[in-house]
Amino acid sequence: MPVVATPATLTPSHAGLTDAEVHRIRNDFPILGTDVGGTPLVYLDSGATSQNPTSVMEAEQEFYEQRNAAVHRGAHSLAVDATDAYEDARAAVARFIGARTRELVWTSNATEGINLVAYAMSNASLGRGGAAAQRFAVGPGDSIVVTEMEHHANLIPWQELAARTGAELRFIPVDDDGALSLEAAAAVITGTTRIVAFSHASNVLGTINPVHELVALAQDVGALTLLDACQSVPHLPVDATSLDVDFLVFSGHKMLGPTGIGALYGRAELLDAMPPFLTGGSMITTVTMERAEYLPAPNRFEAGTQRISQAVALGAAANYLSETGMDRIEAWEGRLGALLVEGLSAIDGVRVLGPGAGVPRIGLAAFDVDGVHAHDVGQFLDDKGIAVRVGHHCAQPLHRRLGLTASTRASTYLYTTTDEVEAVLQAVAQVRPFFGAQ
Amino acid sequence: MSGLEQLYQQIILDHAKARHGSPLQHYDGDGRTGESHQLNPVCGDEITLRAAVADGRVDAVSWDGAGCAISMASASVLTDLVQGVPRDEAITLVDAFREVMRSRGRIEADEEVLGDAAAFSGVSRFPARVKCAMLAWVALEESLLAANA
Numbered sequence: 414m415p416v417v418a419t420p421a422t423l424t425p426s427h428a429g430l431t432d433a434e435v436h437r438i439r440n441d442f443p444i445l446g447t448d449v450g451g452t453p454l455v456y457l458d459s460g461a462t463s464q465n466p467t468s469v470m471e472a473e474q475e476f477y478e479q480r481n482a483a484v485h486r487g488a489h490s491l492a493v494d495a496t497d498a499y500e501d502a503r504a505a506v507a508r509f510i511g512a513r514t515r516e517l518v519w520t521s522n523a524t525e526g527i528n529l530v531a532y533a534m535s536n537a538s539l540g541r542g543g544a545a546a547q548r549f550a551v552g553p554g555d556s557i558v559v560t561e562m563e564h565h566a567n568l569i570p571w572q573e574l575a576a577r578t579g580a581e582l583r584f585i586p587v588d589d590d591g592a593l594s595l596e597a598a599a600a601v602i603t604g605t606t607r608i609v610a611f612s613h614a615s616n617v618l619g620t621i622n623p624v625h626e627l628v629a630l631a632q633d634v635g636a637l638t639l640l641d642a643c644q645s646v647p648h649l650p651v652d653a654t655s656l657d658v659d660f661l662v663f664s665g666h667k668m669l670g671p672t673g674i675g676a677l678y679g680r681a682e683l684l685d686a687m688p689p690f691l692t693g694g695s696m697i698t699t700v701t702m703e704r705a706e707y708l709p710a711p712n713r714f715e716a717g718t719q720r721i722s723q724a725v726a727l728g729a730a731a732n733y734l735s736e737t738g739m740d741r742i743e744a745w746e747g748r749l750g751a752l753l754v755e756g757l758s759a760i761d762g763v764r765v766l767g768p769g770a771g772v773p774r775i776g777l778a779a780f781d782v783d784g785v786h787a788h789d790v791g792q793f794l795d796d797k798g799i800a801v802r803v804g805h806h807c808a809q810p811l812h813r814r815l816g817l818t819a820s821t822r823a824s825t826y827l828y829t830t831t832d833e834v835e836a837v838l839q840a841v842a843q844v845r846p847f848f849g850a851q
Numbered sequence: 637m638s639g640l641e642q643l644y645q646q647i648i649l650d651h652a653k654a655r656h657g658s659p660l661q662h663y664d665g666d667g668r669t670g671e672s673h674q675l676n677p678v679c680g681d682e683i684t685l686r687a688a689v690a691d692g693r694v695d696a697v698s699w700d701g702a703g704c705a706i707s708m709a710s711a712s713v714l715t716d717l718v719q720g721v722p723r724d725e726a727i728t729l730v731d732a733f734r735e736v737m738r739s740r741g742r743i744e745a746d747e748e749v750l751g752d753a754a755a756f757s758g759v760s761r762f763p764a765r766v767k768c769a770m771l772a773w774v775a776l777e778e779s780l781l782a783a784n785a
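Which chain is which? The protein sequence lines are A and B, in order. All residue numbers for the first sequence refer to our numbering, where the first residue is 414 and numbers rise by one. All residue numbers for the second sequence refer to our numbering, where the first residue is 637 and numbers rise by one.
Just so you know, these hints were derived from the structure itself, not from any lab. Since the structure is predicted, the reported quantities are computational estimates derived from the model, not experimental observations. Cβ coordinates follow ideal geometry from the N, Cα and C atoms, glycine included. One or more hints might be untrue.
Stated by the list, open to error - Taking lysine-lysine and the DSBU-like style, the derived pairs with C-alpha atoms no more than 30 Å apart in a straight line are:
(1) K653(B) x K797(A)
(2) K767(B) x K653(B)
(3) K797(A) x K767(B)
Unchecked claim - Chain B is nowhere near these chain A residues, computed Cβ spacing over 12 Å in every case:
(4) Q474
(5) V785
(6) V790
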């Protein structure tokens with residue numbers, strides 16, 4: 414069975430952004446007006462990190478100028494103000510992904526969110542958290558399931574958890590087109606499986622995985638689910654509650670926010686039962702020299718002074734995206750993604766990784782240029798002011814499966830124009846002639 | 637020349653295809669061999685290089701590699717340059733090349749000394765690509781040390 418997209422992504426219910434709107438949006442992003450060595454910047458690397466609108470940068474500056482204080486401690490007015498700003502941001506970001514406020518834990522990024530869950534499970538496996546935490550314990554005879562297309566961030570923490578606990582790490586393979594097979598998934602997810610961790614949208618293939626079907630397979634065997642939503646939360650409407658996953662992670666810097674901030678969503682009853690990962694100040698109730706009692710979630714998972722200004726700025730980013738309309742962003746980027754795939758596929762000697770035209774995708778396409786190494790492709794494009802990602806995109810196993818060590822990736826966002834997509838297509842068409850590839 | 641043409645001079649593009657010294661060869665001469673495997677984890681460029689030293693001179697160099705035009709051309713040029721050269725002089729050449737690569741464009745390579753490798757001077761203005769150019773040279777340096785051990 415081929416990849417089945419969720420209904421919401423197959424048929425965007427709204428019209429996309431218009432060219433005129435995208436041009437207005439660009440005015441909010443100062444960096445998009447800059448030059449690269451005299452050539453206007455064509456930024457097609459938003460899948461790696463997105464650019465920031467002025468409102469986000471101002472939110473962070475305003476916090477430091479007017480509200481900066483440590484949160485959740487101190488009785489002075491500034492501390493109250495800072496705490497309000499911090500918690501308002503949590504509410505805004507939780508609302509943005511259809512979660513309740515107390516289900517959203519701040520992390521540094523998605524990588525930390527996945528490590529948090531993996532280490533909490535590790536701690537539960539050692540008996541920490543008592544009987545209530547035993548649902549998170551893994552050990553010999555248990556299995557942890559990922560997919561062959563995962564970013565290293567959603568692979569290595571599970572390799573390590575398996576190595577620490579004696580559990581077995583399994584993966585759902587991809588086919589030659591990079592698609593997950595649900596039959597294969599059903600064979601890999603079995604009664605021994607304790608957690609299934611997989612990406613929502615692939616950072617290499619651009620395709621959207623069948624979340625509902627995979628969650629159903631996991632739930633049938635009583636396994637937990639964790640969704641890596643790094644490439645979906647910034648680009649599609651995502652409702653964590655209706656996706657029915659147990660955990661979901663994403664990074665702020667890929668969704669118009671600053672670096673250093675991301676979030677972990679977890680169902681409230683799970684977060685409240687899960688032992689902490691990082692421990693220290695701000696996550697406790699009563700402490701003696703021998704032991705400590707912990708706060709409920711989300712604070713239980715937020716030890717030490719937090720990324721307050723970044724959280725505030727991420728709240729502003731979520732508001733910017735909501736005001737623009739995630740369904741309209743999804744439709745616009747779906748169009749850009751289709752233009753990219755159709756255009757790249759039509760260039761002699763260029764192979765797009767993953768399913769070709771006609772399959773729903775985000776605005777992202779990785780490709781191989783026959784006879785030219787990805788680094789050389791990226792260098793050629795950079796000379797024309799076009800910024801793309803080259804390399805394995807933190808997905809070495811997937812590249813190996815597709816017979817490559819590296820590829821070139823163009824990725825869009827709400828501020829990307831059709832002219833920019835056209836520019837990269839024209840430039841890619843010149844690559845093989847320049848390098849004399851036959 | 638544009639920055640791109642300075643980086644990808646024709647001689648580099650030609651060597652990237654010709655790949656002198658590739659593939660890796662078994663050495664059956666009288667000298668001692670050393671081997672080195674180098675990997676650039678950022679981009680996956682990879683090389684395995686074998687050097688033989690006989691009578692204090694580089695007797696043979698061969699390699700297997702996969703990577704960008706800069707890394708493959710650099711290995712090819714290096715193979716031509718050090719063939720038959722006294723071992724100590726080959727190590728001096730590696731040092732000279734490294735100095736140019738690390739100069740951020742401030743030091744132009746001496747063609748009298750580095751031959752075709754002088755064409756890589758432009759690479760030093762692209763810090764992200766210096767490792768690509770250095771890969772084979774580091775492999776040679778290690779191989780020569782191993783051959784001497």
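Checked hints:
1. K653(B) x K797(A): It holds: about 24 Å lies between the C-alpha atoms, which stays within 30 Å.
2. K767(B) x K653(B): 19 Å, holds
3. K797(A) x K767(B): 23 Å, holds
4. Q474: With a cut-off of 12 Å, Q474(A) remains clear of chain B, as the shortest Cβ separation is near 31 Å.
5. V785: V785(A) is in fact no farther than 12 Å from some Cβ atom of chain B, at 8 Å.
6. V790: 9 Å, violated
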